[in-house]
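Given only the sequences and the hints, what does the whole structure look like? Please build it.
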Amino acid sequence: MAWSLLNGERVVVILYISRVFFSIPSSLFHESIALFLLALAGLFVEIAVENPNSNVLDRFKTRPGASSGILLGTVTLPTVMMSRLIQLSRALSDQDIKLEEFGYLNMQYWAASVSCFSVLIFLWAVPRYFVNNNSGPLHSGSGHDAKFTLVHVVLYAVVCFMSVSSKSYGGLYLAVKLLWILFHGLASVRLVQHILLTFPSCASIGEALLATGGLVLYFGDMLTFTLVKISVHVLFSTSLVHLGMKRSEIGTILQGVLLGLLLLPLFYKFVLQIWIHFSRLINSEAHVAEGRTFDGIGKSIVFYASLAVMLILIVPEWMQLVQEFHMHPVLWVSTFVFSEPLKRLPLCMYWIGLICISVFRFYNISKNSRIERILLRKFYHLVAVLMFLPAVYLQPEFLDLAFGAAFAIFLALEMIRVWKIWPLGHLVHQFMNAFTDHRDSDILIISHFSLLLGCALPKWMSTGFNDRPLAPSAGILSLGIGDTMASMVGHKYGVFRWSKTGKKTVEGTAAGITSVLAACSLLLLLLASSGFIFSQHWSSLLFAVTLSGLLEAFTMQLDNAFIPLVFYSLLCL
294 MAWSLLNGER VVVILYISRV FFSIPSSLFH ESIALFLLAL AGLFVEIAVE NPNSNVLDRF
354 KTRPGASSGI LLGTVTLPTV MMSRLIQLSR ALSDQDIKLE EFGYLNMQYW AASVSCFSVL
414 IFLWAVPRYF VNNNSGPLHS GSGHDAKFTL VHVVLYAVVC FMSVSSKSYG GLYLAVKLLW
474 ILFHGLASVR LVQHILLTFP SCASIGEALL ATGGLVLYFG DMLTFTLVKI SVHVLFSTSL
534 VHLGMKRSEI GTILQGVLLG LLLLPLFYKF VLQIWIHFSR LINSEAHVAE GRTFDGIGKS
594 IVFYASLAVM LILIVPEWMQ LVQEFHMHPV LWVSTFVFSE PLKRLPLCMY WIGLICISVF
654 RFYNISKNSR IERILLRKFY HLVAVLMFLP AVYLQPEFLD LAFGAAFAIF LALEMIRVWK
714 IWPLGHLVHQ FMNAFTDHRD SDILIISHFS LLLGCALPKW MSTGFNDRPL APSAGILSLG
774 IGDTMASMVG HKYGVFRWSK TGKKTVEGTA AGITSVLAAC SLLLLLLASS GFIFSQHWSS
834 LLFAVTLSGL LEAFTMQLDN AFIPLVFYSL LCL
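For the sequence shown, this note's numbering gives the first residue as 294, with consecutive numbering after it.
Derived by calculation from the structure, the hints in this document are not laboratory data.
Note that beta-carbon positions come from the ideal geometry of N, C-alpha and C, so glycine has one too.
Possibly wrong hints are sitting among the right ones.
For each label pair, taking beta carbons as the anchor points, the in silico distance ranges come out as [unchecked claim]:
id, residue 1, residue 2, range
1, Leu467, Val711, 37 to 47 Å
2, Ser459, Leu675, 45 to 55 Å
3, Lys354, Ser832, 37 to 47 Å
4, Glu633, Thr519, 27 to 37 Å
5, Thr628, Tyr686, 16 to 26 Å
6, Ser832, Gly396, 28 to 38 Å
7, Thr756, Leu555, 13 to 23 Å
8, Leu555, Ile307, 28 to 38 Å
9, Met620, Leu299, 50 to 60 Å
10, Met725, Tyr686, 29 to 39 Å
11, Arg352, Val788, 36 to 46 Å
12, Ser320, Arg352, 40 to 50 Å
Derived lysine-lysine pairs resembling PhoX-like cross-links, with alpha carbons at most 25 Å apart [as the list claims (entries may be wrong)]:
id, residue 1, residue 2
13, Lys522, Lys460
14, Lys785, Lys796
15, Lys592, Lys562
16, Lys522, Lys470
17, Lys354, Lys796
18, Lys796, Lys671
19, Lys671, Lys785
20, Lys592, Lys713
21, Lys562, Lys713
22, Lys470, Lys391
23, Lys460, Lys470
24, Lys391, Lys460
25, Lys522, Lys391
This is how it looks when you write it as C-alpha cells:
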C-alpha cells in the first residue's frame, strides 16, 4: 500500500528534496526542519486530495488530464529559495556579501514556505468544510488526521518563530517580521482561490500554487521596498532601512512594468466604464445605434490609451519613488541600450531577425504541413537557445531587460487576444492557436509564457553573487536542449514507455539527459577558455541533469514551469 502511493513524480520530488537536504549547512537548521515539515504536509495533502472520495479537484475545476501536483507545487519555490540560501552561505563565509542581504533572503524563504504551508492548510480544510455543510459523515480516520494536522501546524509555527526570533533584534522588529510573513500566507490563500476559480481548467493545483507563491513573494517584496522608501521620505531617516534590500535600475523597471500590466485590467475596465457613461450622457441614441462600432474601435482606443497611461505615466512615478533614476525611466532605458551601441544594437538586430524568420517559417509550416504541433513547438525551444544562451554571458544585464520587455509584450498580446482588441485581437488568436496543445485552454494560452519564464527566472535569480556558471542558463539548457531532444527522439524513436498510460519514453529521456550533459560540458569548456573561474562538481552536475530529465519524464504538470526551477536549484548546490 505504501509503495503504491509513491508514483514516479513523487519519487523524483523526494530525491530532489533529499539532495538539497544533503547540502544544507548547520546554520540553516530551523529552515531545514521547516522544509521537511512542508514536504511531509504536501505529500499528506496530495494523497488526500487525489483520493477518489475527495471533492477538491471538482470544486476548483483543475486542468483536465493533470494530477493535482500539490507536492511538487508545494516544495519547488521554498526549495529554490533554500538552494539560494545555501549558495549565499558560501559567499557569507567568504565575506563576499553582507549579512543583511543574507538575512533578507532568509525572510523571503520563510515567506515562500509559509505561503505554501497556508495553502496546504486551506486545501486540507476544504473537503471537511463542504462535508460539514452538507451534514455528511466524516471519514472514520478524520479525528486522527485532525490531531496529526494540528500537531504538524503547531510544530511548524514553533520552528518558524524560533528561526525568525534568533535573527531579530527587539520585540517590535520581531512582531513586524512575523506579521510580514503571515501576510504572505493569507494573501496566498486568497490568490490561489482567485486563480483556480477565475481561470477554470487552466491549471492544476500545483501549478496554481507555484504561480501564487511566486506572485505573492514578488509583490510582497515590492510592497516592502515601497513602504521602506516611503518611510525614508517621510521620516528623513535611514534607521529603518536595515533589510539588506538592494535594487538595480533594471530590477525596479521590471517590477514596475509587471505591476502595471497586472493592474491594467482593473484600470482599463474603470476607464471603459467612465467612457461608456459619458458617451450615454452625450448622445444615448447614437451610442445605441453605433454599439457595435463602440464595442470594436471604441474599446480598442480605450485599451491602448489605458496601456500608454499606465506604462508612460503611472508606473514611472512609482519607479522614481523607489529608485533615483535622475531621468524618466523610459529615457533611462534608451540611454542604457545605446550606452554600448556596438554590442547591444547588433544583438537586438540578431534577435529581431531570428524572431521574424522563425515566426513566418514555423507558422507557414503549421498551416501547410502534417508535422505534429509538439514538434513545431520544440523548434521555438531551439530558437530560445540561439537567442538567449550567448547573451547570458556576453550581455547579462541587457538580457535581464530584454526578458522583461518580452514578457511585457506577451502579457499585452494575451490581453489583446482575450478581449479581442481591434485590430490585433483576431490575428494574435489565429497565430497563437496554431501552436496550442492540451495544456492550453480556451481562456488562456500559457505555453509561450511558461517557455519565456522558464528561460528567464534562473537568469533573474542569479543576479548578484553566483559561483555556479551554469545556474543562469538552467532554463535555457533544460528546456531549449533537454526537453526538445527528449520530445523529438522520443517521438521518432521511442519504444519503451515509462508507464502504460503516458507518452514519455525511456529513449527520449536518455536523449534529453545526454544532450544536456554534452551542452553543459561544452559550455564549461568555453567559459574556462574565456577566463571564467568557477567551481562546478561533475557528480553534482550529473545528478542535477539526470533528476531534471526524470522529472520531465514523470511529471504531469507544466514542465516548462517546474523543470528550470528544479534544475537551477540543484545547480546552485
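Right, here's what the structure says about each hint:
| no. | hint | verdict |
| --- | --- | --- |
| 1 | Leu467 <-> Val711: 37 to 47 Å | 44 Å, holds |
| 2 | Ser459 <-> Leu675: 45 to 55 Å | 48 Å, holds |
| 3 | Lys354 <-> Ser832: 37 to 47 Å | 44 Å, holds |
| 4 | Glu633 <-> Thr519: 27 to 37 Å | 31 Å, holds |
| 5 | Thr628 <-> Tyr686: 16 to 26 Å | 24 Å, holds |
| 6 | Ser832 <-> Gly396: 28 to 38 Å | 31 Å, holds |
| 7 | Thr756 <-> Leu555: 13 to 23 Å | 21 Å, holds |
| 8 | Leu555 <-> Ile307: 28 to 38 Å | 35 Å, holds |
| 9 | Met620 <-> Leu299: 50 to 60 Å | 57 Å, holds |
| 10 | Met725 <-> Tyr686: 29 to 39 Å | 31 Å, holds |
| 11 | Arg352 <-> Val788: 36 to 46 Å | 40 Å, holds |
| 12 | Ser320 <-> Arg352: 40 to 50 Å | 42 Å, holds |
| 13 | Lys522 <-> Lys460 | 23 Å, holds |
| 14 | Lys785 <-> Lys796 | 12 Å, holds |
| 15 | Lys592 <-> Lys562 | 10 Å, holds |
| 16 | Lys522 <-> Lys470 | 17 Å, holds |
| 17 | Lys354 <-> Lys796 | 24 Å, holds |
| 18 | Lys796 <-> Lys671 | 16 Å, holds |
| 19 | Lys671 <-> Lys785 | 14 Å, holds |
| 20 | Lys592 <-> Lys713 | 9 Å, holds |
| 21 | Lys562 <-> Lys713 | 14 Å, holds |
| 22 | Lys470 <-> Lys391 | 19 Å, holds |
| 23 | Lys460 <-> Lys470 | 10 Å, holds |
| 24 | Lys391 <-> Lys460 | 14 Å, holds |
| 25 | Lys522 <-> Lys391 | 20 Å, holds |
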